[in-house]
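J.: The lines below spell out each chain.
2 protein chains.
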Amino acid sequence: MSQQGLSPMSFPTAPDKTALEQGEALAPRFDAKGLIAAIATHAGTGEVLMLAWMNDEALSKTLETGEAHYWSRSRGELWHKGATSGQVQVVEELRIDCDQDAVWLKVRPQGDGGACHTGAVSCFYRVVGKDGRLVRQ
Amino acid sequence: MSQQGLSPMSFPTAPDKTALEQGEALAPRFDAKGLIAAIATHAGTGEVLMLAWMNDEALSKTLETGEAHYWSRSRGELWHKGATSGQVQVVEELRIDCDQDAVWLKVRPQGDGGACHTGAVSCFYRVVGKDGRLVRQ
Chain P
1 MSQQGLSPMS
11 FPTAPDKTAL
21 EQGEALAPRF
31 DAKGLIAAIA
41 THAGTGEVLM
51 LAWMNDEALS
61 KTLETGEAHY
71 WSRSRGELWH
81 KGATSGQVQV
91 VEELRIDCDQ
101 DAVWLKVRPQ
111 GDGGACHTGA
121 VSCFYRVVGK
131 DGRLVRQ
Chain F
1 MSQQGLSPMS
11 FPTAPDKTAL
21 EQGEALAPRF
31 DAKGLIAAIA
41 THAGTGEVLM
51 LAWMNDEALS
61 KTLETGEAHY
71 WSRSRGELWH
81 KGATSGQVQV
91 VEELRIDCDQ
101 DAVWLKVRPQ
111 GDGGACHTGA
121 VSCFYRVVGK
131 DGRLVRQ
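Going down the list, the protein sequences come from chains P and F. For the first sequence, this note's numbering puts the final residue at 137, and the numbers step up evenly by one. For the second sequence, this note's numbering puts the final residue at 137, and the numbers step up evenly by one.
Please keep in mind that the hints were generated in silico from the structure rather than gathered at the bench. Note that the structure is a prediction, hence the values are computed from the model and not measured. There may be inaccurate statements among the hints.
Pairs count within a copy or across copies, as identical chains cannot be separated in the list.
What the hints assert, rightly or not - Calculated lysine to aspartate or glutamate pairs in the EDC-like style (CA-CA distance at most 20 Å, straight line): (1) K33 to D101; (2) K17 to D99; (3) K17 to D31; (4) K130 to E92; (5) K33 to E57; (6) K130 to D56.
Isolated chain P (complex conformation) (with noise of 0.2 Å):
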């Protein structure tokens, strides 16, 4: 994934929308504040492990570095995911959506394999039961 020269905040803007959804550039529509949604999915089992966000810079060093970074919205700045918690996580495949406004990444958490905070592997660890109670599982 390592993409030398790609710097910060140099995405382009599609100039119509058949650009936007069958063109070959990336051109992620920011939100008001930003940034765009991005889904975590586990390289292996296909487990969705978390949702987070991304800001231009953080998309940009996950497409450099090959590791996902996010923008974390509580704290408000730059996260490199695993940084302190060991839980890297490497990108395998980075798709994003029709509209461009949502990333998709598949990738290998490293440490302990988790990516919760919590210490479950993935932060979806309950279901909302048929009586609209959430069950661990």
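Assemble the complex: chain P is given as a structure, and chain F must be docked to it using the hints.
T.: Coordinates of chain F only, in the frame set by chain P:
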């Protein structure tokens, strides 16, 4: 997934972080616009189909009916996915993440089996290649 009597805007607020992250109460944290992110994956293949948004009514309707409802940000209205396209999403499982601001739906797309308005099965039909260009797959 049918949940008789669950009316829109019936969700509680978690009293503390422990309840939010470890509790049995579904207490979604809608953002300033009243929305949470919703990831839909194919219940059969595991592929990520789309990233959309739900308000409290959309989440309630999804739980009530067992079919995915979203909030269309572009149209500013409740969106019963597939009502016009036939791509109804039958929900096999609904999960919520650690801090309850994102849900993950495992769905069976009806109709032509797809989820994307472009005709692709998944909205994530383009991979970012090594040169930074998008490659359709």
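J.: Now tell me if each hint is right for this structure.
T.: Evaluation of the provided hints:
For the homomeric pair K33 and D101, the shortest alpha-carbon distances inside one copy (12 Å) and between copies (17 Å) are both at most 20 Å. Only within a single protomer do K17 and D99 lie at most 20 Å apart by alpha-carbon distance; the minimum there is 8 Å, versus 35 Å between protomers. In this assembly of identical chains, K17 and D31 lie within 20 Å of each other by CA distance solely inside one copy; the values are 17 Å within and 28 Å between copies. For the identical chains of this complex, K130 and E92 are inter-copy neighbours only, at 11 Å across copies versus 36 Å inside a copy, given an alpha-carbon limit of 20 Å.
Within a single copy, K33 and E57 get their C-alpha atoms as close as 13 Å, which meets the 20 Å cut-off; across copies the closest is 25 Å, which misses it. Within a single copy, K130 and D56 get their C-alpha atoms only as close as 40 Å, which misses the 20 Å cut-off; across copies the closest is 18 Å, which meets it.
Taken one by one, the earlier hints all hold for this structure without exception.
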